[in-house]
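All chains should be modelled from the sequences, with the hints used to inform the complete structure.
There are 2 protein chains.
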Amino acid sequence: MFRPEIKVIDCSVRDGGLMNKWQFDDAFVCKVYTACTEAGVDYMEIGYLSSETAFSRDEVGPWKFCAEADIRRIIGNGEKKIKLSAMADIGRIEYHDIPHKSESALDMIRVACYAHQTDAAIDLAHHCIDKGYETTINLMAVSTVGLRELDEALDDLSKSRVPIVYVVDSFGAFYSEDIDLLAKKYMERLPGKTIGIHCHNNQQLAFANTISAIISGINYLDASLYGIGRGAGNCPLELLIAFLKNPKFKVRPLIEAIEAEILPWQEKIDWGYYIPYMVTGVLNQHPRTAMAHMESDKKNKVTQFFDQMTNSTELE
Amino acid sequence: MFRPEIKVIDCSVRDGGLMNKWQFDDAFVCKVYTACTEAGVDYMEIGYLSSETAFSRDEVGPWKFCAEADIRRIIGNGEKKIKLSAMADIGRIEYHDIPHKSESALDMIRVACYAHQTDAAIDLAHHCIDKGYETTINLMAVSTVGLRELDEALDDLSKSRVPIVYVVDSFGAFYSEDIDLLAKKYMERLPGKTIGIHCHNNQQLAFANTISAIISGINYLDASLYGIGRGAGNCPLELLIAFLKNPKFKVRPLIEAIEAEILPWQEKIDWGYYIPYMVTGVLNQHPRTAMAHMESDKKNKVTQFFDQMTNSTELE
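These protein sequence lines are chains A and B, in that order. Heads up: the first sequence is residues 0 to 315, going by numbering that gives the first Met the number 0. Heads up: the second sequence is residues 0 to 315, going by numbering that gives the first Met the number 0.
Possibly wrong hints are sitting among the right ones.
Note that identical chains are pooled: a pair holds if it fits in a single copy or bridges any two copies.
[Unchecked claim] No farther apart than 16 Å at their CA atoms in a straight line, the calculated lysine to aspartate or glutamate pairs in the EDC-like style are these:
id : residue 1 : residue 2
1  : Lys-267   : Glu-294
2  : Lys-298   : Glu-266
3  : Lys-244   : Glu-176
Derived from the structure by calculation, the hints contain no laboratory data.
Right under this line is the structure:
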């Protein structure tokens, strides 16, 4: 599928960091940066933009903050050929802690919010626009949002200056038909805006649903190396790049980065397709219970987890 | 998706056996049998039907032969509530070694063939029909078959008495659009016949492509527990059953069987999404090179495998 409007956003460090509190060393982040640059990926999301007062550096790594000095250490002084993005959560970043674009290596700030936070998200995004950034709003967990509430959020977003709005399948609950329907709704309710997609892989559908999104006209595509990300992880970047026919994309640098930096992390953290994540996905629930189960000493007791989540009824 | 015509075929033992020469112990096969029965799965494919002269029992386990005594040991004397299937490869089974249906616990024989073997496959399938079995023909590796050759094979199949013909994505190379197109072609060229789908998961699309097949009107659906199968494996049965809305299906017995018998095998054999399988899938090639790489001591040297397969050109 070759469509020049398509932009690919790598979320390896940002979403992968949800599994290890962003404790990636510089070699990891440098490799992702170099690989994505060489592969022709459009954006690399290097972490979350948070105020230093919101979290302790004793607990979380540098990519929870995206301080300018940390970013500069990764990208060096050479020409930056890939755009950098950071995600901002409502309430975790003070406006005065956001530098002006002219003083930052970041190009884009993506504001993540739940539907009831849409107004606050628009306000934060407008602030970022006024400081010179590209912005998106990523409306999370849309699989749990009521129809009326969603329409209201989309109507608010349509009146905003935010140019890009994301469909986010936080729980990995959607089938391709859901993506088609939501893409249509977002495009109808948000005339003139660009739509993005961020999928989770609980049902092994993150890549397939991203393809469905492309077919439905969605142009901003999130993915991560080998799918690294929270719980079941994301759409694997290497699959997406191999699928897209734009000749600017290269797969090999991604394979190389997977070998060098991602596979070693697989020994330490369990993202990907595991039964507990499958169960929360099918039940359209937050993966936190599955993550807790995976971190416990009964990781492979998957029937127990199933029973706990369903009380032996719903899915039985 | 509730459509009474849909039949689900578990291939855990038969396709999974391609990874361990069918060396599953009886406890494994019993558990798959019980779980599939309790889950409401329509067929369990218990192995290959081969002549004892074609392979040595010193090298391959009992499920390469599906001898009546072996099957009876698994199913016991109780009422059999699930249909049993065996796959037959052209040239590996002598006609006189196929028992009459009245002397066999098998209900269905599925003949696997490449396009150039279609005539031989029809002949074998007719022989099985005449002995009282349900039959299918599974046309393998259709992603590599030329248009004219495929049309000829389908025209031959349309004239046969074989009621069910499978689209088989042996290499895991297809996207959902390919499945849509092939489903349409098979249905046009095979009026009155039922179409089946067997997907491989090289690009994490086996489940998604099976859903596409359902939407396109395909009714015989292959899957396996946790996707166990050759190379990247198959469509995960637990995902498919959770997706299908027919109330006869239950997920829990499948989760239980995965915990008891499948997860332990994951320590010993590497099916699933790995970069070497992804590479052969994207390149539309047989997984044998990837399997050899995965079995070597350089399993994680995925860049080397990529270079070897592409000569640093095709996918670069």
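Hints and how they fare:
1. Lys-267 with Glu-294: within (11 Å within a copy, 22 Å between copies)
2. Lys-298 with Glu-266: both (14 Å within a copy, 14 Å between copies)
3. Lys-244 with Glu-176: Answer is between: at 15 Å across copies they meet the 16 Å cutoff, but 24 Å inside does not.
The structure fails none of the hints (numbered hints given earlier).
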